[in-house]
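Peer 1: Spelled out, the chains give:
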Amino acid sequence: MPTYTMRVFRGDPGGGEFKDYRVETGEGMVVLDVIHRIQATQAPDLACRWNCKAGKCGSCSAEVNGQPRLMCMTRMNLFADGETVSVAPIRTFPIIRDLVADVSYNFEKAKQVPPLRLRPPDPDGKYRMMQEDVDRPQEFHKCIECFLCQDVCHVIRDHEDKKRAFAGPRFFIKIAGLDMHPLDTRDRSAFIKDQAGVGLCNITKCCTEVCPEHIHITDNGIIPLKERMADGFDPIVWLLRKFRGKSTSRIGRDRTSR
Amino acid sequence: MGQAIGQARPPIAAAHLRTDAWWALPLTVVVVLGAFGAYSTWAAFQNAHYFAAPYLSPFYSPCLYRSCLHATFGGGLPDIYLPIIGLLSPAFLILIGPLSFRLTCYYYRKAYYRSFWLAPVACAVRDVKPGYSGETRFPLILQSFHRYTWYVAVLFIVLLTWDALLAFRFPTGFGIGVGTLVMWINVVLLAAYTFSCHSCRHICGGHVNVFSKAPGRYRVWHLVRRLNERHPVYAWLSLGSVGLTDLYIRLVSMGVIRDLRII
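Protein chains in written order, with the working numbering: chain A, 1 to 258; chain B, 1001 to 1263.
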């Protein structure tokens, strides 16, 4: 059976270091299995967060050989027999212990997103949406909140001072999903520009590359938000909308809700 | 903000822990974009060998004035003598349009922010510069005007299509040469790149929230969305085709190679 040297980060806010563990693996094992084997056989105090082991709970985010990944979805046969594999906590957020990070930054950001403001219902009191109206938001609803996109985003990863002014890719798709919602009436322009800081994103697409749900975060979420910001100073779009009317686009939204 | 800000991150000093060849892609982009930049600058300085009847180099289109070797529209416009045209090749003025479209393109931004700006050079590799303001300040805030450069790029597609139509008109009458095919391939790839643009997708319907009430725009948006998925491929192919088209016409014009007539 293949044997690996697992170089696992051990530490807490006071300090830490990488420690090597030689682990024999079995067929079909993933990194999370190996971490569990280390816990069971060599380091019972090794802390790691996990839950579903099926790539759906988003708990076991870590950096495997420097790449943000879900440990439960990273198969060991990606690596050559005998290879040294490093496992570190996600580095953008404060460490609690070993592989466990404090991701509460994201929960604070989530609270800031202006929620849906529904338009009045149809005359019979019901709300109706067609599938083509919700295809775009549904892609964003696949998000499992593993925060790998937030971890890899260099705006907050490498520039701590930008954390206050920047929502990050996970919340840009949340905002985009709300902004594209067919029943929504809220105008989030000022929020997107000033509080979410969409201008800080330079669309280098790392968030898209690491997303385990393969959400096109940049192409389908962030860039449309940037384009919606650009609508504000495009006279041709403004003129076209004047001719077409306001019913289907953002121009008819409640400007007072900023 | 919440309690997380300012607390200790994992005490790992290394700028990255990646073990793969993360540097290969940005290096390739530097080489390819650098080579194209060097060639196009050299070609623009030449102000010669841009026309080999009936082919006109895309670097020198539109050829608007009467004195031009291959006026794009009929007899050509009266010559206007601007001081800068005497000093610089008109290619520099023409290239501003397509160049600004590519410079502000969402895909190329990713490519050059990684390869030239090094912010970040690769995913999960630390930014080289300590300060960062993204696209919130001059000059990068001008990236927001990509929409306007797209309008200009569409105009260039019209002009290059006209040039490609003229490429059937040989001095002896209708014909098709290898150059005709080269020019048409170039136009098709440039059109694919231009109409797969993210701004195009937004203008065509991306701004709509209730697609069921705008079925026409939904169909157009859906088509552009499919094209948009291959935008990076078209970006590179069209970059290569525009350079190779100029090179082909240049070599024919210089007499280095002979244009083969198919019909």
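Everything labelled a hint here was simulated from the structure, so no lab data went into it.
Fair warning: there could be bad hints in the mix.
Said to hold, decoys possible - What the simulated footprint calls covered on chain B by chain A, stretch by stretch (three residues with Cβ under 8 Å from a Cβ of chain A suffice, anywhere in the stretch; the number is not a length):
hint, segment
1, 1025–1039
2, 1162–1170
As the list claims (entries may be wrong) - Listed next, the in silico DSS-like pairs over lysine-lysine satisfying Cα-Cα at most 30 Å (straight line):
hint, chain 1, residue 1, chain 2, residue 2
3, A, K19, A, K56
4, A, K142, A, K162
5, B, K1110, A, K162
6, A, K126, B, K1213
7, A, K56, A, K111
8, A, K111, A, K193
9, A, K126, A, K19
10, A, K162, A, K193
11, A, K162, A, K126
12, A, K56, B, K1213
13, A, K53, A, K142
14, B, K1129, B, K1110
15, B, K1213, A, K162
16, A, K193, B, K1129
17, A, K242, A, K193
18, A, K142, B, K1213
19, A, K53, A, K19
20, A, K162, A, K111
21, A, K142, B, K1110
22, A, K126, A, K142
23, A, K53, A, K111
24, B, K1110, A, K193
25, B, K1110, A, K242
26, B, K1213, A, K53
27, A, K111, A, K126
28, A, K142, A, K193
Stated by the list, open to error - Below, a sample of chain B positions facing chain A; criterion: calculated Cβ distance under 10 Å:
hint, residue
29, W1042
30, P1130
31, P1139
32, L1140
The C-beta atom is built at its ideal place from N, Cα and C for all residues, glycine as well.
Peer 1: It remains to establish, for every hint, whether it holds in the given structure.
Peer 2: Hints, one by one, checked against the model:
1. 1025–1039: Answer violated; 0 residues pass the 8 Å Cβ test.
2. 1162–1170: violated (count 0)
3. A:K19 <-> A:K56: holds, 29 Å
4. A:K142 <-> A:K162: At roughly 27 Å apart (the allowed maximum being 30 Å), A:K162 and A:K142 satisfy the hint.
5. B:K1110 <-> A:K162: Holds, because 20 Å separates the two Cα atoms, which is no more than 30 Å.
6. A:K126 <-> B:K1213: OK: A:K126 and B:K1213 at ~17 Å, within 30 Å.
7. A:K56 <-> A:K111: Since the Cα atoms of A:K56 and A:K111 sit roughly 22 Å apart, the hinted pair holds (cutoff 30 Å).
8. A:K111 <-> A:K193: holds, 17 Å
9. A:K126 <-> A:K19: This hinted pair is violated, its Cα atoms lying about 60 Å apart.
10. A:K162 <-> A:K193: The hint holds at about 14 Å.
11. A:K162 <-> A:K126: violated, 43 Å
12. A:K56 <-> B:K1213: Roughly 35 Å between the alpha carbons, so the hint for A:K56 and B:K1213 is violated.
13. A:K53 <-> A:K142: holds, 17 Å
14. B:K1129 <-> B:K1110: holds, 17 Å
15. B:K1213 <-> A:K162: violated, 40 Å
16. A:K193 <-> B:K1129: With a Cα-Cα distance of about 24 Å, the restraint between A:K193 and B:K1129 holds, given a limit of 30 Å.
17. A:K242 <-> A:K193: Since the Cα atoms of A:K242 and A:K193 sit roughly 24 Å apart, the hinted pair holds (cutoff 30 Å).
18. A:K142 <-> B:K1213: holds, 26 Å
19. A:K53 <-> A:K19: holds, 24 Å
20. A:K162 <-> A:K111: Holds, because 18 Å separates the two Cα atoms, which is no more than 30 Å.
21. A:K142 <-> B:K1110: holds, 24 Å
22. A:K126 <-> A:K142: With Cα atoms ~26 Å apart, A:K126 and A:K142 stay inside 30 Å; holds.
23. A:K53 <-> A:K111: holds, 28 Å
24. B:K1110 <-> A:K193: holds, 20 Å
25. B:K1110 <-> A:K242: violated, 34 Å
26. B:K1213 <-> A:K53: Violated, at roughly 42 Å.
27. A:K111 <-> A:K126: Status holds; Cα separation ~28 Å.
28. A:K142 <-> A:K193: holds, 25 Å
29. W1042: violated, 30 Å
30. P1130: At 8 Å from the nearest chain A Cβ, B:P1130 passes the 10 Å test, so the hint holds.
31. P1139: violated, 13 Å
32. L1140: Since the shortest Cβ distance to chain A is 8 Å, the answer is holds.
The structure fails to meet hints 1, 2, 9, 11, 12, 15, 25, 26, 29, 31 from the earlier list, while all remaining hints are met.
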